[in-house]
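The listed protein sequences derive, respectively, from chains A and B. With our numbering applied, the first sequence covers 1 to 180. With our numbering applied, the second sequence covers 181 to 377.
No wet-lab data here; the hints were simulated from the structure. We put the beta carbon where it would ideally sit given N, CA and C, even for glycine. Errors might be hidden in some of the hints.
Facing chain A, a subset of chain B residues (Cβ under 10 Å, in silico) [unchecked claim]:
1) Leu193
2) Pro303
3) Val325
Covered stretches of chain B (chain A as the covering partner; in silico rule of three or more C-beta atoms under 8 Å from a C-beta of chain A) [unchecked claim]:
4) 211 to 220
5) 231 to 238
6) 259 to 265
7) 279 to 293
8) 307 to 321
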Amino acid sequence: MLEFVLERGNYWAIIGLMMIGLYTLFAATNFIKKLVGLSIFQTSIILFYISLSRIDGGTAPILYGKDAKGHGGGHDEANAAYGAGEAAGRGVADAAHGASDAAHAGASHGMEHIYSNPLPHVLMLTAIVVGVATLAVGLAIVVRIREAYGTIESDEVRTTDLEVARAEYAVDKSEEASAA
Amino acid sequence: MIGYAGADLAIALINVILLGLLFVIGVAIARMRSLFAIVMLSGIYSLISATWFVALDAVDVAFTEAAVGAGISTALLLGAMLLTARTAKPETGAMRIVPILVVIATGAMLVYATIDLPAFGDPDSPANTYVGTDYIERTPQEIAVPNIVTAVLASYRGFDTLGETGVVFAAALSVILLLGFGERSLSATFKRKKDKS
């Protein structure tokens, strides 16, 4: 049970961050605060993807050591031997730990080291850059709203809209009355 | 089954501390009214999440988050704040309860969904097998760049990156169209209207 909680605690913490961002996005009337909430929400999604890409005992997906040389085939036996030797050489008393290292050597498909999954990293790089682009457009719209309405609070903008609509309606009515 | 037991205890501790910091900063942002403090805290939030990306082995993402999230976003938010207002109005009580209910419902559904997710750091999870390992295996043979993220971003999925550049260009264009090049201000607009009438 405790292990189950520990394995998923990260996800729950990220969901907590997402809830804070969503709440700020909904509850704040100030447009800039709304946009900050949106960026917190976005960051929590990025954190979620990156935590999915992590592999226990792995390193950053930058090839080093024997992996970086390239040329592929012929190294597989040497690598397997190296992985086994590494697992034994660490001298960890915990047998389960050694077994997990051996499993990692199997999972790394002939690579000398274990690398975390690079694909979510690439996707999230794109997401960060697109996120800042949308933030810039949102802030530009906020600045234009300030120029047009004199405020950046959503409820005040709505009140102004309502007043303008009522005034226009009253003008139309009076014009109809004078025409008739 | 390789779960959290195989992971380093120090990494777990770093995770807890950094996520706790992020949580505290998030709550502070949600409660604050000074826009300057909110903008600065959002920059700190980005920096701490960049630190967490390093702990999760995503160094490229951490680099981008620190430069774009903490740097450019904060500068943009500061500029917008200087052009508009300094403080936010407090939320009224009636406006709070509905968002809280919606957010709690969403969070509960997501937590329910995490029961089926693979364990944190599981090398055999569906996300970490098929395509990702294929890119890792092919990069040393096919591309002369040791950084796999760079290889995927620029070579295997270069058209995606081109599309991303298009998105950024469109965003810059729309910001220019919205704000003008700085020659038009509110008083100038009013003056032009008066001259016409």
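Here's how the hints hold up against the structure:
1. Below 10 Å, beta-carbon pairs count as interface contacts, and Leu193(B) has none with chain A, the closest being about 12 Å; its hint is therefore violated.
2. Because the closest C-beta pair between Pro303(B) and chain A is about 4 Å apart, less than 10 Å, the hint holds.
3. Hint status for Val325(B) relative to chain A: holds, with the closest Cβ pair at about 9 Å, below 10 Å.
4. Check on the segment 211 to 220 of chain B: 3 of its residues sit with their Cβ under 8 Å from a Cβ of chain A, so the three-residue criterion for coverage holds.
5. Only residues whose C-beta sits within less than 8 Å of a C-beta in chain A count toward coverage, and the segment 231 to 238 of chain B has 5 of them, enough to reach three; the restraint holds.
6. Only residues whose beta carbon comes within less than 8 Å of a beta carbon in chain A count, and the segment 259 to 265 of chain B has 6; three or more means the coverage holds.
7. Counting residues of the segment 279 to 293 of chain B whose C-beta lies closer than 8 Å to any C-beta of chain A gives 9; at least three are required, and the coverage claim holds.
8. Restraint check on the segment 307 to 321 of chain B versus chain A: 11 residues with Cβ-Cβ distances below 8 Å, three needed, restraint holds.
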